[in-house]
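Undergrad: Hints in hand, dock the two standalone chains.
The chain contents come next:
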Amino acid sequence: MTPQVLVSVRLKASPARAFEIFTRDVALWWTPNALFRFTPRSPGTLAFEPHEGGRFTETLANGTVFEIGRIRVWEPGERLVFGSGQETEVEVTFETVGAETRVTVVHRGWDSVPDEHVARHGFPNAIFLRRHGEWWQVLLARLREHGP
Amino acid sequence: MSQRVAGIDRTLAALADPHRRHVVELLRERPHRAGELAQRTGLALPAMSRHMRQLRECGLVVESHPKFDARVRIYALDPKPMAELKRWLEETEALWSTQLAAFKRHAERVS
Chain B
869 MTPQVLVSVR LKASPARAFE IFTRDVALWW TPNALFRFTP RSPGTLAFEP HEGGRFTETL
929 ANGTVFEIGR IRVWEPGERL VFGSGQETEV EVTFETVGAE TRVTVVHRGW DSVPDEHVAR
989 HGFPNAIFLR RHGEWWQVLL ARLREHGP
Chain A
5 MSQRVAGIDR TLAALADPHR RHVVELLRER PHRAGELAQR TGLALPAMSR HMRQLRECGL
65 VVESHPKFDA RVRIYALDPK PMAELKRWLE ETEALWSTQL AAFKRHAERV S
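Just so you know, the sequences run in chain order B and A.
Per the numbering used here, the very first residue in the first sequence carries number 869; after that it's consecutive.
Per the numbering used here, the very first residue in the second sequence carries number 5; after that it's consecutive.
Source of the hints: derived by calculation from the structure; they are not laboratory data.
This one's a predicted model, so the numbers in the text were calculated from it and none came from an experiment.
From the three backbone atoms N, C-alpha and C, an ideal C-beta is built for every residue, glycine too.
Certain hints may be false.
As the list claims (entries may be wrong) - Covered, in the sense of this in silico footprint (three residues per stretch, anywhere, with C-beta under 8 angstroms from a C-beta of chain B), are these stretches of chain A:
id	segment
1	90-99
2	103-115
As the list claims (entries may be wrong) - Partner residues aside, some chain A positions facing chain B, computed with beta carbon under 10 angstroms:
id	residue
3	E40
4	L49
5	M52
Bound-form chain A, shown alone (with noise of 0.2 angstroms):
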């Protein structure tokens, strides 16, 4: 359970940033090269690679190169810790939804 909260504080981490949110939304589409990412975010490659420093390393995108050219980044979603984030927002919407309805039996008892 630790071990997941761990990982869901990275993947909110990760996802606080408006750019390294709009990369995920790209990715959702399909797949992209990191001159492509670049460009259609706008930034400039060193800050590029810095955010996609920081989603590989939650996990959330997987890089990998074609066969015909070691060089060339390709960037692609891994769906996993999207997966675990929502199971977390389910979970924690569970867990308030229980808490509310007995803080309102007990305010009406006690009221």
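Looking at chain B on its own, in the form it has when it is part of the complex (with noise of 0.2 angstroms):
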């Protein structure tokens, strides 16, 4: 299922520089947001095990360290996918766009990803997800056309 959350940003940073610090420094520019949190007694300090498989952890001012999800993609420069939660997935892409980086994040519902491996190996069924983003798209037109 692709119910989609996509929002970019561009930025004065090569794509490698800016993937170094969107993963290293996470803990320094993530800011605490009450409506959102990844554990239930957040906010804690975020970071990432900079490896294929590595985890995605919130530590506790207790020292309590939460699993938030698995690194599933780690493409230094490029990619990054980890799990967020039982059913949803990040994916950050980072690309060359003049002298500047734009970075995406897509936030969706991983369930959506028709094969377990598309993660990992690219989008070979990007047409399959595009045509569900956009069906998502339509409903939620719907939606607020009409009220819930």
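TA: As structure tokens, then:
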């Protein structure tokens, strides 16, 4: 299923540098948010273990470490995919746009991914995903028109 | 909050299947009888009942029976789980907008 959220930003840094800062400095730039918590007792300190299969964790003030999800794709300077709870996944891509880098976050229900290996081997099924993304957009637009 | 997230996880899991999404789409037009749904989706009745059970369990779909025949099952969409999901999507979008703005500020400061 692809109920997904897509947000992007452009910044003055190379993709390699942006990836490095995104992952290494997550504890420095992440802004704790009351509405959205990775773990019940947030906020803590976020960290990525820098390799595929590594953990994305939150460490609380008392030292307790929560595993938020596993890192499914670790491609420095290009792409990062990690689990963020039972049913959702976050994909972050880094692309060169002129002298800047566009960082795009897609947060989606990861059950949607039709094949477990897709996340690891790129998106051969991109058309499938896009179609369902469109389906979702249409549904949301209708919800907006007609109310819940 | 965590209860809501669990509900959203259930909704996401129920909608993970293309047949169930198709059913939800059909039910957005109007309520349908079980037989009609099987016909329009091309699913065999046993498979259909399995999908309908999952859609009922997560609360997306409600089942009723017409007065004249209790054996006939009519399915309709309950908008509440969809509204929850929509709110989750909006909140998640707001969250990432904030986080990416913070990331950009940090990255440009240290680069």
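Undergrad: Honestly, which of those hints from before does the structure not fit?
TA: Hint check: 3, 4 and 5 fail, others pass.
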